[in-house]
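From first to last, the protein sequence lines are chains Z and A. Each residue of the first sequence is one higher than the one before, counting from 1 in UniProt numbering. Each residue of the second sequence is one higher than the one before, counting from 1 in UniProt numbering.
Mixed in with the good hints, there may be bad ones.
Since the list can't tell identical chains apart, any single copy or any two copies may satisfy a pair.
To be verified - For lysine-lysine, the following DSS-like pairs were computed, each having C-alpha atoms within a straight-line distance of at most 25 angstroms:
1) Lys38 - Lys216
2) Lys57 - Lys226
3) Lys216 - Lys68
4) Lys216 - Lys127
5) Lys10 - Lys216
6) Lys105 - Lys226
7) Lys57 - Lys35
8) Lys180 - Lys35
9) Lys226 - Lys10
10) Lys38 - Lys57
11) Lys131 - Lys57
12) Lys180 - Lys68
13) Lys42 - Lys180
14) Lys38 - Lys10
15) Lys35 - Lys68
16) Lys216 - Lys105
17) Lys185 - Lys127
18) Lys185 - Lys68
19) Lys68 - Lys38
20) Lys38 - Lys127
Calculated from the structure, these hints are not laboratory results.
There are 2 protein chains.
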Amino acid sequence: MNLDQHTSQKYNQELETVRAEVLAMGGLVEGQCRKALKALVKGRAELAEEVASSDYKVNEMEVSINAKCTDILALRQPAASDLRVVVAIIRMAADLERIGDEAEKIGRLAQTLAEGRNGSSYRSDPKHLGKSVLDILNGALDAFARLDVEAAIETAAMDPDIDAEFESLTRLLITRMMEKPASVKNLLRVNWCARSLERIGDHAVNICEEVIFLVKGSDVRHLSLKEIQDRFLQPTA
Amino acid sequence: MNLDQHTSQKYNQELETVRAEVLAMGGLVEGQCRKALKALVKGRAELAEEVASSDYKVNEMEVSINAKCTDILALRQPAASDLRVVVAIIRMAADLERIGDEAEKIGRLAQTLAEGRNGSSYRSDPKHLGKSVLDILNGALDAFARLDVEAAIETAAMDPDIDAEFESLTRLLITRMMEKPASVKNLLRVNWCARSLERIGDHAVNICEEVIFLVKGSDVRHLSLKEIQDRFLQPTA
Chain Z
1 MNLDQHTSQK YNQELETVRA EVLAMGGLVE GQCRKALKAL VKGRAELAEE
51 VASSDYKVNE MEVSINAKCT DILALRQPAA SDLRVVVAII RMAADLERIG
101 DEAEKIGRLA QTLAEGRNGS SYRSDPKHLG KSVLDILNGA LDAFARLDVE
151 AAIETAAMDP DIDAEFESLT RLLITRMMEK PASVKNLLRV NWCARSLERI
201 GDHAVNICEE VIFLVKGSDV RHLSLKEIQD RFLQPTA
Chain A
1 MNLDQHTSQK YNQELETVRA EVLAMGGLVE GQCRKALKAL VKGRAELAEE
51 VASSDYKVNE MEVSINAKCT DILALRQPAA SDLRVVVAII RMAADLERIG
101 DEAEKIGRLA QTLAEGRNGS SYRSDPKHLG KSVLDILNGA LDAFARLDVE
151 AAIETAAMDP DIDAEFESLT RLLITRMMEK PASVKNLLRV NWCARSLERI
201 GDHAVNICEE VIFLVKGSDV RHLSLKEIQD RFLQPTA
């Protein structure tokens with residue numbers, strides 16, 4: 001009797017199910033972010049409202065994934081290396097849930113901007129930042145789907161550019177606020193959208209770090225990008 | 001032979017250790033928030049720098065707590081009800097780490113405000129909001145220390161007031177930006193500090209929800225306060 005093997009097989013099946021659910025949650029969250037950005041940039045109030053009011057779906061998926069993970073831990077008692085997968089999935093679902101929260105916030109702000117007066121003047125400012133953020137999120141989810149450490153590290157390396165883009169957009173918005181004090185409210189809303197986008201980028205980096213943890217078993221969350229690269233990337237010839 | 005009991009005793013000892021570590025982490029994070037607020041309101045650049053540069057301690061504690069929890073899961077294989085505790089602790093440590101990040105952000109902004117020109121005019125604006133946020137954080141950590149569901153629910157109920165206070169502070173800052181366009185930069189920094197404070201409040205609510213999950217076994221993270229109260233509070237005579 002090979003109980004270990006037996007447990008591990010059952011565990012693999014259940015893990016595949018929960019992994020598929022995380023991927024589906026990732027797809028849903030990515031769609032929410034894409035819609036939120038479109039609603040913001042194009043000034044589509046209805047689409048913005050749709051994003052803002054469907055965050056509950058993301059929340060439900062997190063609760064379901066957490067429950068499944070807790071069941072796996074309790075019933076399968078996976079060994080140390082397998083445990084990592086479950087712990088990484090719990091943390092990834094938390095990050096996806098927070099990305100969903102940021103998309104919801106952008107949705108609400110986009111709705112106010114689309115419905116209000118003069119909102120159109122500035123709402124296209126975060127367009128480029130938004131595209132970069134969708135790219136890093138897509139890269140992170142893709143790295144998770146393929147459990148690809150190299151892709152995870154490459155994707156995480158996009159974040160400093162996003163931060164720089166956010167800083168420069170903020171400076172632009174500040175200049176505009178000083179020039180047009182009457183537009184301060186709308187410009188501040190645009191700035192909050194930009195900040196939410198920047199945070200989505202941070203969560204995408206967390207997901208990349210979970211992929212590394214999951215595959216390599218090292219908790220790299222508080223290492224610098226340089227340290228991570230030195231440790232896990234082969235030097236190229 | 002009572003293996004269950006045996007496992008559970010060892011588990012209890014190890015759990016006590018990790019629980020003490022979470023409490024210590026909570027104390028450290030609370031101290032960081034208190035210092036960050038003081039540095040902001042009093043314009044103390046050195047204190048601000050101290051806060052901004054000691055976030056690594058909080059990060060190290062999270063890594064250590066996570067490693068201990070993973071070991072407990074792997075070696076003790078706790079049963080379903082005990083598992084909850086470990087899962088709750090992993091999530092709580094993540095919330096504390098994010099509170100530490102927000103304190104660090106406030107520290108950096110406070111430093112810029114303290115060192116810059118004219119920073120003093122507005123930096124005391126978030127004083128009252130800051131005190132409310134320190135209260136809710138203290139309440140949440142206290143509810144965890146005593147595993148007190150009622151206190152957790154009461155503490156979480158403070159959050160809507162904090163949100164309202166944040167909204168009203170934001171409106172005040174917007175009015176000031178419109179009146180004094182030259183101060184937009186500093187006012188925006190104050191607004192970001194306020195936003196970080198508001199987020200610390202949100203994380204304190206998460207901690208309250210973890211206390212409920214830990215004691216009652218229900219995942220209440222996406223329920224409304226009213227639903228939580230109806231479910232877990234005894235009607236008072």
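Hint check:
1. Neither within a single protomer nor between protomers do Lys38 and Lys216 lie at most 25 angstroms apart by alpha-carbon distance, with minima of 37 angstroms and 41 angstroms respectively.
2. Taking the shortest Cα distances, Lys57 and Lys226 sit within 25 angstroms of each other only across copies (20 angstroms), while inside one copy they are farther apart (37 angstroms).
3. Taking CA atoms no more than 25 angstroms apart as the test, Lys216 paired with Lys68 passes in both settings, with 23 angstroms inside one copy and 18 angstroms between copies.
4. Taking the shortest alpha-carbon separations for Lys216 and Lys127, neither the intra-copy value of 36 angstroms nor the inter-copy value of 45 angstroms comes in at or below 25 angstroms.
5. With identical chains, the CA atoms of Lys10 and Lys216 are at most 25 angstroms apart within one copy only, with a shortest distance of 23 angstroms there and 29 angstroms across copies.
6. Taking the closest pair of Cα atoms, Lys105 and Lys226 come within 25 angstroms of each other only across two copies (22 angstroms); inside a single copy the shortest separation is 32 angstroms, beyond that limit.
7. Taking the closest pair of Cα atoms, Lys57 and Lys35 come within 25 angstroms of each other only inside a single copy of the chain (15 angstroms); across copies the shortest separation is 38 angstroms, beyond that limit.
8. In this homomeric assembly, Lys180 and Lys35 never come within 25 angstroms of each other (Cα to Cα): the closest approach is 29 angstroms inside a single copy and 36 angstroms across copies.
9. For the homomeric pair Lys226 and Lys10, neither the shortest alpha-carbon distance inside one copy (39 angstroms) nor that between copies (40 angstroms) is at most 25 angstroms.
10. In this assembly of identical chains, the alpha carbons of Lys38 and Lys57 lie at most 25 angstroms apart only when taken from the same copy (20 angstroms versus 40 angstroms across copies).
11. Proximity of Lys131 and Lys57 under a CA criterion of 25 angstroms is satisfied intra-copy only: 24 angstroms inside one chain copy versus 35 angstroms between copies.
12. For the identical chains of this complex, Lys180 and Lys68 are neighbours neither inside a copy (52 angstroms) nor across copies (54 angstroms), given an alpha-carbon limit of 25 angstroms.
13. Taking the shortest alpha-carbon separations for Lys42 and Lys180, only the intra-copy value of 22 angstroms comes in at or below 25 angstroms, while the best inter-copy value is 31 angstroms.
14. Taking the shortest Cα distances, Lys38 and Lys10 never come within 25 angstroms of each other, neither inside one copy (42 angstroms) nor across copies (54 angstroms).
15. With identical chains, the CA atoms of Lys35 and Lys68 are never at most 25 angstroms apart, being 29 angstroms at best within one copy and 40 angstroms at best between copies.
16. Within a single copy, Lys216 and Lys105 get their C-alpha atoms no closer than 34 angstroms, and across copies no closer than 31 angstroms, so neither meets the 25 angstroms cut-off.
17. Taking CA atoms no more than 25 angstroms apart as the test, Lys185 paired with Lys127 passes in both settings, with 19 angstroms inside one copy and 23 angstroms between copies.
18. Taking the shortest alpha-carbon separations for Lys185 and Lys68, neither the intra-copy value of 44 angstroms nor the inter-copy value of 47 angstroms comes in at or below 25 angstroms.
19. For the homomeric pair Lys68 and Lys38, neither the shortest alpha-carbon distance inside one copy (33 angstroms) nor that between copies (43 angstroms) is at most 25 angstroms.
20. Taking identical chains as interchangeable, the C-alpha atoms of Lys38 and Lys127 lie at most 25 angstroms apart only when both belong to the same chain, with a minimum of 9 angstroms there against 37 angstroms between chains.
Hint compliance for this structure: hints 1, 4, 8, 9, 12, 14, 15, 16, 18 and 19 are not met, and every other hint is.
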